[in-house]
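Participant: Here are the chains, one letter per residue:
There are 2 protein chains.
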Amino acid sequence: MITGQIIERMRSGNRFMLTSHRKPDGDSIGSEMAMALILERLGKVAVVRNRDAYPSAYRRLPGIERILTGELPEGEQYDAVFTMECTEIERPGLARIGDYFIINIDHHHNNTMFGALNWVDIGACAVGEMIFDLAREMKLDLTTEIATHLYVSIATDTGFFHFSNTTARTFEICAELARLGANPNFVADCLYDHNRPGQIQLLGKTLSRLEIDWEMRTATIALFQSDFDGIDAVDGDTEGIINYPRSIDGVDVAVFFKEAGTRSFRVGLRARKDLNVAEVAAEFGGGGHPQASGCTIEGEYEEVRGKLFAALRRKLQARSSAAWTADGR
Amino acid sequence: MITGQIIERMRSGNRFMLTSHRKPDGDSIGSEMAMALILERLGKVAVVRNRDAYPSAYRRLPGIERILTGELPEGEQYDAVFTMECTEIERPGLARIGDYFIINIDHHHNNTMFGALNWVDIGACAVGEMIFDLAREMKLDLTTEIATHLYVSIATDTGFFHFSNTTARTFEICAELARLGANPNFVADCLYDHNRPGQIQLLGKTLSRLEIDWEMRTATIALFQSDFDGIDAVDGDTEGIINYPRSIDGVDVAVFFKEAGTRSFRVGLRARKDLNVAEVAAEFGGGGHPQASGCTIEGEYEEVRGKLFAALRRKLQARSSAAWTADGR
Chain A
1 MITGQIIERM RSGNRFMLTS HRKPDGDSIG SEMAMALILE RLGKVAVVRN
51 RDAYPSAYRR LPGIERILTG ELPEGEQYDA VFTMECTEIE RPGLARIGDY
101 FIINIDHHHN NTMFGALNWV DIGACAVGEM IFDLAREMKL DLTTEIATHL
151 YVSIATDTGF FHFSNTTART FEICAELARL GANPNFVADC LYDHNRPGQI
201 QLLGKTLSRL EIDWEMRTAT IALFQSDFDG IDAVDGDTEG IINYPRSIDG
251 VDVAVFFKEA GTRSFRVGLR ARKDLNVAEV AAEFGGGGHP QASGCTIEGE
301 YEEVRGKLFA ALRRKLQARS SAAWTADGR
Chain B
330 MITGQIIERM RSGNRFMLTS HRKPDGDSIG SEMAMALILE RLGKVAVVRN
380 RDAYPSAYRR LPGIERILTG ELPEGEQYDA VFTMECTEIE RPGLARIGDY
430 FIINIDHHHN NTMFGALNWV DIGACAVGEM IFDLAREMKL DLTTEIATHL
480 YVSIATDTGF FHFSNTTART FEICAELARL GANPNFVADC LYDHNRPGQI
530 QLLGKTLSRL EIDWEMRTAT IALFQSDFDG IDAVDGDTEG IINYPRSIDG
580 VDVAVFFKEA GTRSFRVGLR ARKDLNVAEV AAEFGGGGHP QASGCTIEGE
630 YEEVRGKLFA ALRRKLQARS SAAWTADGR
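These protein sequence lines map, in sequence, to chains A and B.
228 is the number that the working numbering gives to position 228 of the first sequence; each next residue is one higher, with no gaps.
514 is the number that the working numbering gives to position 185 of the second sequence; each next residue is one higher, with no gaps.
Some hints here could point you the wrong way.
[Stated by the list, open to error] If the Cβ cut is set under 8 Å, some of the chain B residues that face chain A in the computed set are: (1) P513; (2) Y521; (3) D522; (4) P526; (5) I529; (6) Q530; (7) L532; (8) K534; (9) S576.
Everything labelled a hint here was simulated from the structure, so no lab data went into it.
Where a beta carbon is used, it is the ideal one built from N, C-alpha and C, also for glycine.
Build the full structure now, drawing on both the sequences and the hints.
Facilitator: See below:
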């Protein structure tokens, strides 16, 4: 069993580093923090480092201040570096990571198995679930702090139990984590009830520009550089806004145009159903998942919009013809 | 045990009605639907009736079309009427309800015990949890449809596991419901991914007016009748918007001014911490809970705003003095 080999390395080594992908999310933070605390319970040294800072919403979680940010300095010695939720060795964004013995723990089907040890469980709703399993295999008692971080992993990676990776097992584990002292209300309050005014104002400005094209079944929102004037908001505050147009009944594609500089727009695309918006993004040199992709298009707003919608229309027409053929008519 | 008496009545009777409070919510719909299906499994007739229509977001839930809306017609015969999640006999809003043998099932501490049989469990996160317990006591196998409705009850009444009533037991029950076939992703998709464009536009317009007063620690939003011009939205679509200003870090009170007619504003108040906004609302003839209250104030916007903030300032000053005294200085 791969977990047996990982546990052996954890017990035999002394110094470990834990990292996750760039722009770390809840599963990154929760799983690396939980693993660091588990290693410390074994009497080991554990350093947590991510290339990018954690989202400010996480700043109230216990022990979070220990997380280091930025490139891995030269000459640091570790018996292993754990990469959490990274599909490829480039994902952590740390130049020197290839110099180390890597333990790759992930739940994505397209993991490239880049580690010295690779543990990929595509059935796990979060890497946090895998760390929970590992701790159980080690017969380790989990502290309230570890349980809290594992709960953060699972709750965020299931979209607070909204996504299709939410199963009976997800709830079973959360029941156990709550018994161990994880406080669901505290975690939700940490993650969601500490917005800044600028985030809310930005959300308002963006959503008030909503336009629907019922023929193409698209919902479009837009944000311009001037919207940031006089409000305390940063680019990262727009994350998640595209879910609002995506949530509209009857809309198949949500499009978010975000002015990124002079004559340049970052375009976010979200699709429901069988439409592959990664292919649309690829036409402009972008990429992503079939249902969530992005690209950058140069030009004035109307021009950029025209280009994107032309590509989208071609894609929609191709789909209609395909459906026609598939129906056998 | 009161549940024993309820079960006896369920087994001995033949025709039952199920209802809940006005403006039914997820726990109303979920618990009355689950109970109706349980009664049918016992071979009984079960009629579900609420005074008000269920929220349109619930229209995709299985069997929901059976729910009748409006006043209880004269002359209907029932062996018992179940009231779900109603603190008082007036809550269902049905004039003739007092004519029946009422089985009152609720989880609110201030329930007035108005039924012939009263089962109030203030430890339950939702009435859905109580119906789950009842089915278990009856040793009844739950169908996927019943499990789905109980999941709707529990998920919505815990704010999708955000509120402080979310416990290990909440997750244990949800694990069992998922094993029985309840699909968390389907339920979340039903309830949250079917907005209308007007709801999103209204949200945008309201939030883009956000104002913060850091001295008073208030966040204010406003919506005017003219905002509804040209968009497909109704008054009920503003529900929940006040949670956005309430979510801002450092804000103690969120205020939502909603123009209700000529020179008339409906004011929603939400407080964090120890401030009792029900007392502020009471000054204008309104009421509610200490942390969530509302009132109507007549006048032009600036005038209404001035009145409300003057009352709020008095309240905040009274609190400061009280804190001073409580500190023993």
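Participant: Which hints from the list above does the structure break, by number from lowest to highest?
Facilitator: none
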